[in-house]
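J.: Use the sequences and the hints to build the structure in full.
Protein chains: 2
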Amino acid sequence: MKKKYMILLGALSLASSTFAQTWIWYPGDYEIWLGNQMNNRRTERGAFFPPFWKTDSHYVVVEFSKQLNLAEPEEIFIAAEGKYNAKLDGKLQFGMPETMLLPAGKHNLNIKVWNQATPPTIYVKGKTVNSDSSWRVTYEDKEWIDESGKASDTSATVYMVAGCWNFDGATQRPSQFSLMREPQQPVAQTEQSEGGTLYDFGKETFGFITLKNLSGKGKIEIYYGESPEEAKDKAYCETLDKLLLEPGQITDLAIRSTSPLNNSDNEYTLENSKAFRYVYITHEPGVKIGEVSMQYEYLPEEYRGNFRCNDEELNRIWEVGAYTMHLTTREFFIDGIKRDRWIWSGDAIQSYLMNYYLFFDNESVKRTIWLLRGKDPVTSHSNTIMDYTFYWFLSVYDYYMYSGDRHFVNQLYPRMQTMMDYVLGRTNKNGMVEGMTGDWVFVDWADGYLDKKGELSFEQVLFCRSLETMALCAELVGDAIGKQKYEKLAAALKAKLEPTFWNIQKQAFVHNCVNGQQSDAVTRYANMFSVFFQYLNGDKQQAIKHSVLLNDSILKITTPYMRFYELEALCALGEQNAVMKEMKAYWGGMLKEGATSFWEKYNPEESGTQHLAMYGRPYGKSLCHAWGASPIYLLGKYYLGVKPVKEGYKEFAITPALGGLKWMEGTVPTPNGNIHIYMDNKTIKVKATEGKGYLTIKSRRQPKANIGTIEQVSADTWRLWIDSPEERTVTYRL
Amino acid sequence: MKKKYMILLGALSLASSTFAQTWIWYPGDYEIWLGNQMNNRRTERGAFFPPFWKTDSHYVVVEFSKQLNLAEPEEIFIAAEGKYNAKLDGKLQFGMPETMLLPAGKHNLNIKVWNQATPPTIYVKGKTVNSDSSWRVTYEDKEWIDESGKASDTSATVYMVAGCWNFDGATQRPSQFSLMREPQQPVAQTEQSEGGTLYDFGKETFGFITLKNLSGKGKIEIYYGESPEEAKDKAYCETLDKLLLEPGQITDLAIRSTSPLNNSDNEYTLENSKAFRYVYITHEPGVKIGEVSMQYEYLPEEYRGNFRCNDEELNRIWEVGAYTMHLTTREFFIDGIKRDRWIWSGDAIQSYLMNYYLFFDNESVKRTIWLLRGKDPVTSHSNTIMDYTFYWFLSVYDYYMYSGDRHFVNQLYPRMQTMMDYVLGRTNKNGMVEGMTGDWVFVDWADGYLDKKGELSFEQVLFCRSLETMALCAELVGDAIGKQKYEKLAAALKAKLEPTFWNIQKQAFVHNCVNGQQSDAVTRYANMFSVFFQYLNGDKQQAIKHSVLLNDSILKITTPYMRFYELEALCALGEQNAVMKEMKAYWGGMLKEGATSFWEKYNPEESGTQHLAMYGRPYGKSLCHAWGASPIYLLGKYYLGVKPVKEGYKEFAITPALGGLKWMEGTVPTPNGNIHIYMDNKTIKVKATEGKGYLTIKSRRQPKANIGTIEQVSADTWRLWIDSPEERTVTYRL
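From first to last, the protein sequence lines stand for chains A and B. Using my numbering, the letters of the first sequence correspond one by one to residues 64 to 797. Using my numbering, the letters of the second sequence correspond one by one to residues 64 to 797.
No lab work stands behind these hints, which were simulated from the structure alone. Some clues are possibly wrong.
Pairs involving identical chains hold if they fit within one copy or between any two copies, as the list cannot separate such chains.
Stated by the list, open to error - Only pairs whose alpha carbons sit at most 20 Å apart, straight line, appear in this in silico SDA-like list of lysine to any residue:
# : residue 1 : residue 2
1 : 706       : 753
2 : 150       : 678
3 : 438       : 485
4 : 213       : 511
5 : 150       : 298
6 : 188       : 750
Fair warning: this is a prediction, and the values are worked out from it, not measured in the lab.
T.: And the structure:
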């Protein structure tokens, strides 16, 4: 088995291909297909549970083409997933050629593939001619001929640049992709008085249960739990499996799939992975199970970012956050590993941001963005949720800023346009978005009533930012008309925000406006977003800090999801000390409850099994939810204080803040390097192996640096330009 | 083998399901998937040759639902193609249940299926609960829940009515569909002096070559020909197969597929069917082939229409036309059986019209219309051809008129709207269509220069008719706003036709208008369409007859494709005698050249192997092309003279015309009956088992009828109202 994993490792290395050749496909199509595999693995108590939004699919016929200019003749090897043909200078070759001799000189090579079940992909390997992202692809080559046999010269075919990942070997067929596996043993197993055995794997995990040395005949039932209560509650646990053991074979009763037992040790590993810490297994008397273990399933990731400090609780928060991120970073960034295991745009944008401070795994970001967008026509908001559409736009520009990957924006831009067309087709007479039939206006899971009617200030703020994002991306791809159009729309909407939603008495944006009337309610959402979008002047931002953000009478946020933005807003206002206390109270609170990964929702006022319930179900809550891991992001961006100022960290900003810690140390990854920070109450050390930028320091006297000149910015603020990888050591006074 | 065919026969019976249960799917999706199988079977000299337009695919996740109201509990059986779940009143059942017990009372039953490779389909059989077209389907159920677990009540899901055909048995899985097969033997075989054997199957046919009593080892090559010249031309024949025989197995070298030989008689039948009359087979010396035969592949059709007359040449024309139609009526109506075997809208609309006078096979019409439309977004014209988009619109209303199937129009209407949106998005400032980059302006394969630039009068006439069709369909589905919109657009365009294209000197529509300037050219196309669309007054129609239709100096039409409309226009102008001569000369001409099916193109001025060439290839021409069969339509509609006046023959019009024949007799099918006509130069007999309508008679004196009263319409025209199935016998004077 070891050898198999080694081979897979090649396919799973995370950087984009550096080989001369790789499997290629229509951009976004493999991602959408793989996403369907992922989204359709959800089960609920043994029932298959696909998403309720439109599931798109790949183009089933795709043409790949490449213009060649060969100094000498060359033989190429061709592999494809699907039925295919090959044309050289318009001349079809016999059959599905595995090899082709290309003559020297200028030539056109075309390969066309049909595949209904999995995306059409090809792999070409020659001395100089290799399949890679320099190939063009289209789903519609429009190569008609006239009566004389002459091909049309006005076909207007739309070509894209081929998509790829890291399937660099001829036998690494993209449709055969799977994550890595590693056997793990339970740390404890307890016979239960009512029968059956409870296995504890020590912490939240994800994988396939393996049963060894099976013998006898009869039913086996497996109940999964993120808590022991859940695993032992046969009637209400969220996931389960039922098997029928017979001599030499075993049947998964949910999917009616029968497999032979592994000969040597009568072993069986389940076909679908599950999330759990505990597993409760019962069986009929005729069955014997020798051993229970699991195959941990994961995407190999390098932990390029890290954080350590003097506070062990905070260190543990960072570690559990990183583990939570790793469990939810899979084929895609998913929300939580237990329940739906789906890809959600609002969850994903937070995963991306955390990822930039942990794995810097661009491929997973791009896969997830492609999948969430899907195909045209747009028939609903992203995951049906209005706010999630807006996060999707924002995530594209975030990705560009962190990665500097303009090519991706180019590839995606046409689908950004059609997505925005959908939104613009659903605005009201004020140019604002309101929930229409079919729109899920989500905002947050709140412990209290959230009005979703009329114009929500929160949705307008996100809409405005999305329009600004469209303008920025239009500029990136050279769409001058689009830039102008989106800028105009964004400016018009932005100009309406204060007149419509700002309430002078409340010194805040109200929650919504129905039929032109401001509601009485103030919620945190629009207010905190306008802070870090800088949609309000400094006075109003400070006003919001007190009237909303630090005001306990405003409906509290009980999801880490919105805490992410709430705490980001406070950090942006310089409240690192207050946020540090909140982090320790909130995420520390989960740790005290025994969390080994962070939760979907946490209300410190609840206790015991109350923490497990959600959606009216006793174990409905996910105890490993990506949005629970936000300290990863906050600590990197607002304590280590590192962020890109120009795309791909060509320029960075470093503004470290101890927030009450004695010392901290950590690394923030950049596309091809990293920025290492150490800080205590006297010294700051910075080593940036890539990029240039300012280190900004709060100090009561002029700091001193080993290299470079410190400039004063304001009374207590100083800055140092960093433009080389040598470590800067700065002394300052807190 | 016989038994297998018998079972398939059930699946292939042509009427819509009359069973209590049938396999169901998302409407159009199965049709699109099956069409992909069909369109991707084209090969060119052993190379796979898929279409150059966008190949759409099915929705991969589909939900089927049914509201139940059961008098008593009932057990149902469930089968599905794909991974599925079942919900009763929102509660998911364990696994993929094969049976479910439904309690008495009102309940909601939902079944959701995921299938990437083939369309999600289901089959439900109970005492009263059965899958049929009363089920609703959606690709997006938008069933989100709030935090309490409550499902949304504003999901705005768009439901369609389930699609089905005739897969009425639980084991008749739609994805397993195949046409019927019947073994056929060659009528002659000739050893060739240069080696190899030429087999003649006696007439144009379609199927799979079978090789029997194979022995030895080596390559076998099979060259197909519609003519002996083609089959024997190894270098230029259009289709071929290459096989490698080895002990006990044989490999198709084009698709690299190895099969064992049939044990008992070392037999092998090829995987892909081909069109041919002749097959030339060569092999390496080590190979022995005992016997060559074929499996004729066909869609079983009942010949509901027929025609006989005193002229044996015309009878033969009808028979060869019917055979041509049968060969090209397959999973879909295809253009020709040899070369591309694709589904083309302009070809299909003629097949539909012929079909109404031959098979009246509505299912094949509907399948073809669904496939040709495909899915949104629309990225090109139908088959990339502008005119073909317009024929597609026209074909929908034609189908409604002949079948009376309003349900189909309802199902299709949303895709008619988006198709028309595409067209309207490509009009110029005059509201007219011009060929833009990416538009194939086809018109016809002409033996002379056809200008495709600017505003073609022909395209505007078709566009105008398409807008009128949209208005009619909008009314049918109750879209009052759409009706108004399309009527307005149609009227505006129609009002521009004469001012833009009518040339007083030429007494005709000119061919095109470039930059506001009429061209000098007059072609037949727009002129003949305006005749049977009645876009011009009687005087202008008569003018066209002489200035264009009967004017030999106007570019001649050499495809049966446009002859269809040319002769229809002449018939509509009462020129049955002239058209009869043309039919005998043109189709009779092909018969004299040895045609056993009608051709893609026929120019009487060519001779010998000139008849085989097209597209710059010596055997490029298809000798079995659906559009070659138009006498089927002309004889039914303009000689037997039967057509629907109200949808589904609720009212018919019968206007028989001998056109110079001594006598004729025939049957025209109606949805649930038929109309039988006999006519000689003294007597007309009509028996209509369905519908009501006028029999119109040209007679120099008042005709006499056995039933009913003859009314006078004009000087030499009389009519008789028919409203019962008894045979009417009318005597008249020619």
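J.: Which numbered conditions among the earlier hints are violated in the structure presented, ordered from lowest to highest?
T.: Structure breaks hint 6 only.
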